[in-house]
Every structure is written in C-alpha cells, then in structure tokens.
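Position chain A against the provided structure of chain E, taking the given hints into account.
There are 2 protein chains.
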Amino acid sequence: MSGWGDKTVILPLGYRYAAEYAGIRKQEKDDLALIVPDSPAQAAAVFTQNVVQASPVRLARKHLHRSNSKVAAVLVNAGNANCATRTGDRVALATCKALARALRTKTEYVIPSSTGVIGVELDSKLILDALPGLIGKLAPDAFDSVADAILTTDTRRKVASEELKLKNGVVRVAGMTKGSGMIHPNMATTLGFVMTDAAMDAGELHKLLRAATERSYNSLCVDGDTSTNDMVLLLANGASGVRPGGKERLVLQEVITWVMESLAEQIAADGEGARKLIVIRACGFKTNDDARRIARSVANSPLVKTAIAGSDPNWGRILAAAGYSGVKFDPADIEIDLQGVPVCRRGVAAEYDEPELKQKLDQAEVRIRIASRAKGKGEARFFTCDLTEGYIEINGSYRT
Amino acid sequence: MSGWGDKTVILPLGYRYAAEYAGIRKQEKDDLALIVPDSPAQAAAVFTQNVVQASPVRLARKHLHRSNSKVAAVLVNAGNANCATRTGDRVALATCKALARALRTKTEYVIPSSTGVIGVELDSKLILDALPGLIGKLAPDAFDSVADAILTTDTRRKVASEELKLKNGVVRVAGMTKGSGMIHPNMATTLGFVMTDAAMDAGELHKLLRAATERSYNSLCVDGDTSTNDMVLLLANGASGVRPGGKERLVLQEVITWVMESLAEQIAADGEGARKLIVIRACGFKTNDDARRIARSVANSPLVKTAIAGSDPNWGRILAAAGYSGVKFDPADIEIDLQGVPVCRRGVAAEYDEPELKQKLDQAEVRIRIASRAKGKGEARFFTCDLTEGYIEINGSYRT
Numbered sequence: 001m002s003g004w005g006d007k008t009v010i011l012p013l014g015y016r017y018a019a020e021y022a023g024i025r026k027q028e029k030d031d032l033a034l035i036v037p038d039s040p041a042q043a044a045a046v047f048t049q050n051v052v053q054a055s056p057v058r059l060a061r062k063h064l065h066r067s068n069s070k071v072a073a074v075l076v077n078a079g080n081a082n083c084a085t086r087t088g089d090r091v092a093l094a095t096c097k098a099l100a101r102a103l104r105t106k107t108e109y110v111i112p113s114s115t116g117v118i119g120v121e122l123d124s125k126l127i128l129d130a131l132p133g134l135i136g137k138l139a140p141d142a143f144d145s146v147a148d149a150i151l152t153t154d155t156r157r158k159v160a161s162e163e164l165k166l167k168n169g170v171v172r173v174a175g176m177t178k179g180s181g182m183i184h185p186n187m188a189t190t191l192g193f194v195m196t197d198a199a200m201d202a203g204e205l206h207k208l209l210r211a212a213t214e215r216s217y218n219s220l221c222v223d224g225d226t227s228t229n230d231m232v233l234l235l236a237n238g239a240s241g242v243r244p245g246g247k248e249r250l251v252l253q254e255v256i257t258w259v260m261e262s263l264a265e266q267i268a269a270d271g272e273g274a275r276k277l278i279v280i281r282a283c284g285f286k287t288n289d290d291a292r293r294i295a296r297s298v299a300n301s302p303l304v305k306t307a308i309a310g311s312d313p314n315w316g317r318i319l320a321a322a323g324y325s326g327v328k329f330d331p332a333d334i335e336i337d338l339q340g341v342p343v344c345r346r347g348v349a350a351e352y353d354e355p356e357l358k359q360k361l362d363q364a365e366v367r368i369r370i371a372s373r374a375k376g377k378g379e380a381r382f383f384t385c386d387l388t389e390g391y392i393e394i395n396g397s398y399r400t
Numbered sequence: 001m002s003g004w005g006d007k008t009v010i011l012p013l014g015y016r017y018a019a020e021y022a023g024i025r026k027q028e029k030d031d032l033a034l035i036v037p038d039s040p041a042q043a044a045a046v047f048t049q050n051v052v053q054a055s056p057v058r059l060a061r062k063h064l065h066r067s068n069s070k071v072a073a074v075l076v077n078a079g080n081a082n083c084a085t086r087t088g089d090r091v092a093l094a095t096c097k098a099l100a101r102a103l104r105t106k107t108e109y110v111i112p113s114s115t116g117v118i119g120v121e122l123d124s125k126l127i128l129d130a131l132p133g134l135i136g137k138l139a140p141d142a143f144d145s146v147a148d149a150i151l152t153t154d155t156r157r158k159v160a161s162e163e164l165k166l167k168n169g170v171v172r173v174a175g176m177t178k179g180s181g182m183i184h185p186n187m188a189t190t191l192g193f194v195m196t197d198a199a200m201d202a203g204e205l206h207k208l209l210r211a212a213t214e215r216s217y218n219s220l221c222v223d224g225d226t227s228t229n230d231m232v233l234l235l236a237n238g239a240s241g242v243r244p245g246g247k248e249r250l251v252l253q254e255v256i257t258w259v260m261e262s263l264a265e266q267i268a269a270d271g272e273g274a275r276k277l278i279v280i281r282a283c284g285f286k287t288n289d290d291a292r293r294i295a296r297s298v299a300n301s302p303l304v305k306t307a308i309a310g311s312d313p314n315w316g317r318i319l320a321a322a323g324y325s326g327v328k329f330d331p332a333d334i335e336i337d338l339q340g341v342p343v344c345r346r347g348v349a350a351e352y353d354e355p356e357l358k359q360k361l362d363q364a365e366v367r368i369r370i371a372s373r374a375k376g377k378g379e380a381r382f383f384t385c386d387l388t389e390g391y392i393e394i395n396g397s398y399r400t
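Top line first, the protein sequences correspond to chains E and A.
If you're matching positions, the first sequence starts at 1 in my numbering and goes up one per residue.
If you're matching positions, the second sequence starts at 1 in my numbering and goes up one per residue.
The following block holds chain E by itself, in its conformation from the complex (with noise of 0.2 Å):
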C-alpha cells in the first residue's frame, strides 16, 4: 500500500483542493485549507467523544444533520483551535456562511474544522480575508497542499491512498491526517480526511466509517481520550461512475480501512520525539474488548514506550501493564513476543538471545505480541510509539 510522505498520491477523481497563509499561525506556513467536491458528496463523520467539543465541532454536527450528509466544501484551519472562546461560535459559523456564498451553495453543505491552541480567540476577519484568494487556487492536484497546511507540531505529511477495480470500473481512495503529541493522544487533535470516488448511499457510508475508524484511528488509543476538535470526515463524491454492489462493498469497505490504518499508523511513528512505531496484537483472551484494553494498557505505559525506546525486552513491564487493564485473566497463562521472539512463556521468562534480541529493537518498527493460552477468540491491534529522551535516562537503564 502507498503513503508515507513522499510517494504519490493516487488522487480520486472529482474533487479540487487548495491551501493558504491566512495569518492564523505565527509562523509564515499555510494555515487554511480547502476541500470541494465538484459536485456535493456523500459524508460520514465521527467526532470528539470530549464533553468540551470545540465550535467548528458542534456546528460540523449540526451541517451533517442539516444536510443529511451531503458536503460541498471542508474549511479547515490549523494554528487555533477555535474552541473555549467567547467569539468561537459566531466565527465558525461566519466562515462558513462567506464560503457557501462564494461557492454559490448552502452554508449546511460546509464542514468546518480547526486545529491548534485552545481558548484563543480566532479572527474570523483573517479567513474571510483569504477566502477568495484560496479559492482561486482550487486545484485537483493540489492534495499534498491541503495535507501540509492541517499539520501543526507534525514532523512530515501523513497521507495514503489506493485504487480498486471493481467489475464496472476502478475506484480511488485517498486520505490525509495530522496528529502529534501521541506519547499520550489524549490531547492530540487528530483530524482525518478521507476521500473516494466510489458511489455510496449515506447509511453504508456510516457503517463503513464506523468500522474502519474502530480498526484504525480508534486503535491509536484516541477513543475515550480525545481532544476538543478530533474529527474524521470520510466523503464519496461518486465522480468514478462506479457504485460498488453487494460485495464489493466489503472490498471497498477493506480497501478504505487499510486507508484509514496507514494514516493512524503514520500518526503513531510520528508522535512527538518518537524514533519507533509499536504496534502491539492482543490475542487468546476472552472478548474482542478484553483484548483491546490489554493491548490499550500496554500502549498506554510509558514504561512500555521507554523500554522500546532502549531496546530493553523488559517484559515485566508489558506484563504488568496487562495486568492493571482491568481485565481479570491468571498470569500463568500469558505468552508474549517481541519481535517474533518469545520472551515470557507460561507469565515467566523464557530463553531468548538478548543481545540478538536488542538488535531486533532497533528496528524502526516494533512489534509486541501478548497472548493469553486460555485460547479465546478476543483480538485486538494498537498503535503507538516509543517514548524517548529525559524519560529515557531513567527508565531505559533502570534494568541493566
């Protein structure tokens, strides 16, 4: 599959995008963006679980509802996160009023989005300013602009895409995100745009995206833990002519959360200061749900991540994680591998090589296996990234 920063990006067809420095940020680096369908496409979104939701969240709520589903334009900000603001209703609402004017359509066919500092008034003058400007700059091509802009302490572009034949004709998927201080996600606005070609019916649409965030973004421990404006907005415009029947639907449905995967797992490796992305597989227990909070707990340690960071198959640290998850199970039962190797046979130690096994560490990617022998059929896969630096100096040498 593609993504990754530099690759291309295989675009769907039907859709232009711009970007812009509207002033919103210090520093001089586009801070406005725009995503217009040629024609209205069919959205699905899923929002901040935060009892405190910023504006542009509330008000992208209400537009989906108004329009049942249909979007004619995505405005998103980066450097403010409009939200906890006195004002911050009013400019959501403003900005979103100009641009319908100015793309001839209703304002409950735009989705706002913004990311950034919290409580912070945000000028709704600078957008309204730069409208005309980034609108003249729509683009089909212009998708790693848009990509670049939402980003805020993000290292790279965070992009992925694929196309897929279908028996009537091929159809394309394509999707950005940002997200950063995921040492713990829990603050970390994660925005996630994701855009096809494929012809879907608002209830699928739903569905599918519900399925796909719970395997991705909802695997990179932001559920429950969410930030004030965390949004993931997926849009199927219909521009490929080709309607996905029966199923193909599933197939798409497939195609989009590998998607959607990439993305959380881009999100992941790039986590502030992180140098290794850990992807962590629960399996054998009981429910689905059990082995997701065990796999959640483990992602969760900064034991974990500071151990990973030092190449230090301290497995204690993952048992004991598991074992404060709240999920009940008898540590005698519990397998663990890192690497593919096994370290913890039957809850104690078994042999390994651990200078060979250190080796293994310092890949870029790591891969942490916990099982359990009672042989359930509950599963689950998480994301997330080492913990480096100051942290690091104690923890990472506290073993040898």
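A pair holds if it fits inside one copy or across any two, identical chains being indistinguishable in the list.
Okay, derived cross-link-like pairs now, DSSO-like style, lysine-lysine, Cα gap no bigger than 30 Å in a straight line: (1) 29 - 358; (2) 26 - 360; (3) 207 - 247; (4) 247 - 167; (5) 62 - 97; (6) 358 - 26.
None of these hints come from the bench; they were simulated from the model.
Here the structure is a predicted model, which is why all the values come from computation and not from measurement.
Coordinates of chain A only, in the frame set by chain E:
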C-alpha cells in the same frame, strides 16, 4: 510538618532498623533492609490492585491474615521485584523463614517486600547470606539507612514524621517511602512504611490506613494503575504506652494522614525528570468521585504537565483534560486558577497578566484549581509533577 530528606526524623519508640548491601543490585548500594519492632506490632496494609502480583505481595497478605495482623519484622529488598519468576514464592518464603528463625519469631510474623525489575529470578542465597550481618546491625537510629536502601530510581530520600501530645502522653509517627517513574505512576512500585508507637487495635488501624491512603497515595494516581509490588504498611507497636481514646483517635488519624500526604507529595516532587510538584484541586462538582476523576484526569495529562514545565498558562489543556475525564459538566460553568490567578471563567479566558503569571509558574510548586460554578460539594486533591525534556521541546513551545 517535617519531612523532605535532610530533616531529622522524630523516631517512634520501640523500633530498630538495619540496611545492608546483599548484592541484589549491581551498584554497590544497600539493597536489603529490616524494620523490627521490639515486640510484635499491630499492623494494617494496603496492596496493589494489579492482577499480576509479586510473590512477596501475595505472601505478605497471607502472613497478615495468619498472624491476625501482627508483625515482628519487615524484610525489604530493592533491585529485584521478585515477580513473574519461577522461584518467586519459594524465595519469599525461604527468606521469611530464615529471618523468623534468626529473630525467634513465627514465619507469619515476617512481612516480605520487594521492588525492582520484574521477571528476573531473585537469588535467595544473597539474602540468606546477608541476614546475620543485617540483624547484627539493627539499631534504633538507623531509620534513614532503611529509607535510603529502599530507593530505586528515586533521586532523594523520602521521610516524614510528626509527634502528637495526647492526654496520657506523647505518641510519634514516622514514615518512609520510595517511588519513581511518576510521570505516570502506573508502573512505579511504591512502598511505604509508617511506624507509630501509639497503641491501636486492629480494626481502628485498618480504618485509619484506608482513610489516610485515600488522601495520600491514592491521590497520586496510583489507584487502579498499580504496579505488581505496591504496598503501604502501617505498624503500631504501643511502645509509647499511650492508647488514644475517642476523639484522640481522629487526631492521630489526621496526623498519620499528614505524614502520608507528605510522603505522597515527596514522591510526586521526585517524579522522574520533574522540576515541579503540581497540586491539583477540583471543587464544586457533584460528588467527591466526580471531583476526583477530574483532578486525576488533569494530573495524568502529559500536555498539562509539559505546559507547567514550560511555565505556560495553557489552561485550555486543563479544560480539555477535565472534558475527557468521563464526568459530565457544562464547560460554561468552569473556573480555572493557576497559582491563585484566575485564568478561565465561565469556560473562556479570564483577563490576566501573562508575564507575571509565567513568573509565578516558575516556582517549585504549582497549584491548579478547577472549580464548577454549579457549587456541588464534591472536591478532591491530586499530586503530580511536571513533564520535562524532549517531550517539552515540542509541547512546551507549541503555544508561543
């Protein structure tokens, strides 16, 4: 109140202490320690809630049960957690047995306790060989040597003490603790040993310890997220000859709580890489539990902790952390104060002098108050520390 390392500890009557290097940790630094009341003390203990429990934790529970909570000796080692090992149970039992024989007491009167790496076999011979020398060293004034021996990645000794004049005489309380990795305390083994020379019966002592733990160790984010070895032990040997009656017991409970709060604060202040102690107070929420969940969520937020490290009054992160605590509230009701300065009122920014506040945030202790205007009676307090270094390079400079 006393505490914080170098101060002289007020020693309860009737306890002897000893520490020795037994060769368990690689660095030549005392790693085996002993606390011995002159006659068996009444004891109460709280233990880790982790599913994975170290052998000494399981044996300590058993011994307290069998002895009707009488303790004649506490044997602690650092450098090896004696957890998730093949021989763990045997090692814990063998060392308790040997010590009981040497002290002419019963095996179930000995409490074992370990801290250090998980999953590495602990060689009982190291301990057995060191016991005679250790016992020979027992002395009433060797309290600090034990407080030092139990430390692992801690940078300083953590002790606190108080004396209390009651109607029938003076009683004394002294405690020592260890704890590290407090950036998230979920894996840091915390051991706490608190001794008093007051006379207390078993039921009183248990009740007292539960209440004091709630306000100290369990307000350090330790509850739920526990290590395999956590244990806090309270001993009352009655050597003062004073048995507090009626209301006096409540005063003693308060004093023991102070000592334990001081120990918890010292753990937070010595969090790995920490430069600041952060004390979070939540009030005005519906229930104590609501307040607690909010305070804990703020205490656990790496983005709040990096902001404090950078003396950045980024209250939006505090609001957002409260928002994902799971507690329902209206953001428009929220007030936030930093170092006593109002920074958020009715969910939006208050007017404050940012340079002046930044200076106040440079202090070694930072106080965060998050209150609801709903004027509920629920309140809670939590201790944590700032998050420094690599992680702050990105997050601390994010806003400015």
